[in-house]
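Just so we're aligned: the sequence shown equals residues 1 to 67 in the UniProt record's numbering.
Note that these hints are calculated values from the structure, not bench results.
Below 27 Å or equal to it, Euclidean Cα-Cα: the simulated DSSO-like pairs (lysine-lysine) are:
#1 Lys66 to Lys34
#2 Lys61 to Lys42
#3 Lys56 to Lys42
#4 Lys56 to Lys38
#5 Lys66 to Lys38
#6 Lys34 to Lys61
#7 Lys38 to Lys61
#8 Lys66 to Lys42
#9 Lys56 to Lys66
#10 Lys34 to Lys56
Simulated restraints, written as ranges between beta carbons of each label pair:
#11 Arg49 to Ser10: 26 to 32 Å
#12 Asn8 to Arg50: 25 to 31 Å
#13 Thr48 to Asn26: 27 to 33 Å
#14 Thr17 to Arg65: 17 to 23 Å
#15 Pro29 to Arg65: 16 to 22 Å
#16 Ile63 to Arg33: 17 to 23 Å
#17 Asn30 to Ser10: 25 to 31 Å
#18 Ala11 to Lys38: 24 to 30 Å
#19 Ala11 to Thr48: 29 to 35 Å
Glycine is no exception: its CB is placed at the ideal position from the N, C-alpha and C atoms.
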Amino acid sequence: MPTNHDKNLSALPDILTLQQACDVLNCHPNTLRKWDNKGLLKAMRFGTRRDRRYRKEDIIKLISRKR
Numbered sequence: 001m002p003t004n005h006d007k008n009l010s011a012l013p014d015i016l017t018l019q020q021a022c023d024v025l026n027c028h029p030n031t032l033r034k035w036d037n038k039g040l041l042k043a044m045r046f047g048t049r050r051d052r053r054y055r056k057e058d059i060i061k062l063i064s065r066k067r
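Turn these sequences into a full structure, and let the hints guide you.
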């Protein structure tokens, strides 16, 4: 049976901004940047500023590994 947390994850957009991913994972943006650099949670880069975006699937996989 899905938990409330699982239901909340399914309501997320397919692509999350850095801040959205931080809110879901309850971490600082610099933590996500470090995880990206280490290959733990890879970010997609968009636009001329090369802003980071994260796939919902990757966030869910990371949460599953941490449980």
